[in-house]
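Residue strings, one per chain:
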Amino acid sequence: MDRLFPFGFPGATAFYLGLYVLTLVVHVLFMNYVLAGVGYLAVTAIGRRRDGDGLESVSIRSVLTDWMPFATSAAITAGVAPLLFVQILYKKNFYTANLLLFHRWMAILPLLIVGFYLLYLLKTDWIRRRSRTLLAIISIGALVCFAFTGLSWTENHLLSTDKGSCPGLYESGSMVYSHPQLLPRLGMWAVGAIPTMCVLVAWQLLVAQRRGRVVESGRTKHLAVAALTGILLTGACAGLYWLRMSEPAREAVTGPLAGPYFIAAIAGLAIQVIAWVSPDRRNDCQIGVLLALSAELLVTITGMTVVRETIRLAAVDLNPLYAQHADAAAKGGLIVFSVFLLVNVGLMGWCLRIVSRNGRQALHSRNSA
Amino acid sequence: MEVPYYPVNEFGPAIKGMVIGGLGIFHVFLAQFAIGGGMLMCYFQWLAQTGRCPLARTFLDGYFKVLVLISFVLGALTGVGMWFTTIQISPRTIGVMVDEFHWVWATEWTFFCLEVVAGYCFYRCGKNLADRSRMTLLVLYTVAAWFSLFWINGILSWQLTPGAWVENRGIWSGFFNPSFWPSLIFRTIVSLTIASLAACVVINTMKTLARDQQRELINRVSVCLAPMALMPVLGYWYLAVIPEDSRSWVQGGSAAMTMFMAMAVGASLLIGLYAVVGLIWKKLFISGATATLLLALAFGATAGGEFVREGVRKPFTIREYLYSNSIREDEVAYLRETGSVAADPFPLRDAAAYPDDQLRLGAKVFRFQCSVCHTIDGVNGLTHLTGTWTLAQKRMNIAQLQRTKPFMPPFAGNAEEVEAIVQYLDWENAGRPDEWEATHSPEALAEIEVWLDDAGTRPGTMAAKKPGSSENVRAIAKEAS
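Heads up: the sequence lines are chains A and B, in that order. Everything in the first sequence is counted per this note's numbering, starting at 2 for the first residue and increasing by one. Everything in the second sequence is counted per this note's numbering, starting at 73 for the first residue and increasing by one.
It is possible that part of the hints are untrue.
[To be verified] Coverage of chain A stretches by chain B, computed from C-beta distances (three or more under 8 angstroms per stretch; other residues unrestricted):
| # | region |
| --- | --- |
| 1 | 105-111 |
| 2 | 115-126 |
[Unchecked claim] Computed, partial: chain B to chain A, Cβ under 8 angstroms:
| # | residue |
| --- | --- |
| 3 | Pro79 |
| 4 | Val152 |
| 5 | Gly153 |
| 6 | Trp177 |
| 7 | Thr182 |
| 8 | Val189 |
| 9 | Val238 |
| 10 | Gly242 |
These aren't lab readings, by the way, just hints derived from the structure by calculation. The C-beta atom is built at its ideal place from N, Cα and C for all residues, glycine as well.
Chain A with its partners taken away, still in its complex shape:
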């Protein structure tokens, strides 16, 4: 493929690939927040300090505890769209991997339910009155549930690109698929989630501050250290992953199909490092820095999502599916979808306006008082 992703593919395939990546980026944003957020909650629960639990000031932990259930809901909802498009694009490969992993794969559903409820439990006053041990157990329990989901997705994804192993794996009856890329790939996505969480929490702390809430001192520095550590570890895992990638996959990533995205993703990471070092010195995250961080974060996630897809495309032959993609694209309903997408995005904006207007009014009356 000698053209930039997704333009070298036939129209319908390019269209669905583009939509898939676009919707996956949104899902990844929320997913990163949840994965890294739950990790942070688990680590701080077993740490010495109780980081703002139930205190009047706003801390990273209190923000995460408060927003984690919503973020999980948003991640699951946002995950539905790429799940739809991946079925259109890869059909048999995707279904076969699901079937081969069977109960192991389906176990993510009860575990996600348990993890979700544990996050709600962390928000309750009940848990604040309990021992630190119980708090740690619940936090770690939630992390285990989400980490298992991440592991299963990675396993499922890698298996869906390995058609040759399918009959053998089926015959063996095993529901576990091991692959040399599994751990570095999982590690890269897991620690790569940390910078996203840090940027989003930084925004939340800034909003809280502007609404007159007291934010614990040193939080920005704390976030910067976490983000920089995350970026460093992502680089290490990505390096290991690169070493274990097949030659065609490496060529696809560095070639004209995904090369520019790959460079953009690395540049995005580099600029994030610079931006995080900057507020680290002043111990205060300004809006300009946050905007730059957010833009670069988006560039990195988009770039890496395209790279992820390119690696898959190097392993899966889409040629036989072009006709089916064209057939699917000829089905009606796109206009209806587009209209309702616009209407519903507008209505979601209206909902947010209602509550933010109320928040401003509450702040105004507090200031007046």
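Start from chain A and add chain B according to the hints.
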């Protein structure tokens, strides 16, 4: 022609329909609770802001928390679970549904997003909002939830009554199919009923309310049960528009289907009578235990109704297009020529357990054509169903499957495969002995060939159609072309 093959999993003694049905019933119940809950909350918000019921606001905020904890977590994840489970049961069915209706699903997703955003805005800030803002958020939440039903209802009802889609493949012809409206209105009323009964349970748990206050709220809730009076009409409408053979299953043609139908009707009737006589007319107080019992009955009615909806599609999973065993109507004739499992790349997991290749072939045919609805000796086990048949009976009944039972699809393989599955069943009935003599009688195969040709490749339900019925005319036209 390329027939897709997938790895087939077994669920022990359970059939796959039980797995998808079990999760489906649970998910439908929760989803309908969320939809009806939205409508109920709009009504209570209206009661609160117009001063008609000062307690309404207290109830509403408590009820909403329950709704969020149940619907936003269990409802959302069982929804995703339905998708994954359908892949486990019939990847080809979900593949066709996604290909045909992905923009409908994507549209539903936009409403799902709105539902989550409006719901969480109310959850986080509702208590501090003015009445008008609260009502706006609740209306948006309710509209979004109901529209998610609207969109998914079109896809689900299409599976049974694809309507003009069969000829023109038009998405809207399939979406607004004959059972779309009765199904949608019926489900809307069911949603309101489930939410109202759940509300009665919640009111009983609100210990800060005095008994009189609880009674007042329950009396208000009971108004939302009144639309149940329309259920018989809607049920009749639904039955009138579904295919004739499907209707016959629930009217005695299939004992299981008739019983589940009776269960759904009976449970709905009991709830309806209690609601109309006890709650609306006599204005009785309903205790937490009674409300829970009624809610359990509603679950039973949902279970019965969903089982019937899934069951009456037989022998299809998408009527007139895809059989329950994921073989398309037009592929049957092809597979009769080539053999159904000749191109199946997935080996048997226990190949060494079979004494010869004929039994291995039979086991593969069972896996590909039968295992979606049958087990060997568990639920709906073939050894139980065919154990008393003679060898000749087995050969004929399997070769002419759609005539043996009209809710079975036609056998989609060649004569050797019929003989192989017959021998496989005999071997299983004999207790899986170590030695088994393979049969290759040319006379038997020739006889099977005659039976296969005689039965043809059309479904039995079509063959049973009255001359001149629209479906039969279509079937004849299709064959002629």
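Now for the hints, and whether the structure bears them out:
no. : hint    : verdict
1   : 105-111 : holds (count 3)
2   : 115-126 : holds (count 3)
3   : Pro79   : holds (4 angstroms)
4   : Val152  : holds (7 angstroms)
5   : Gly153  : holds (5 angstroms)
6   : Trp177  : holds (6 angstroms)
7   : Thr182  : holds (4 angstroms)
8   : Val189  : holds (4 angstroms)
9   : Val238  : violated (15 angstroms)
10  : Gly242  : holds (7 angstroms)
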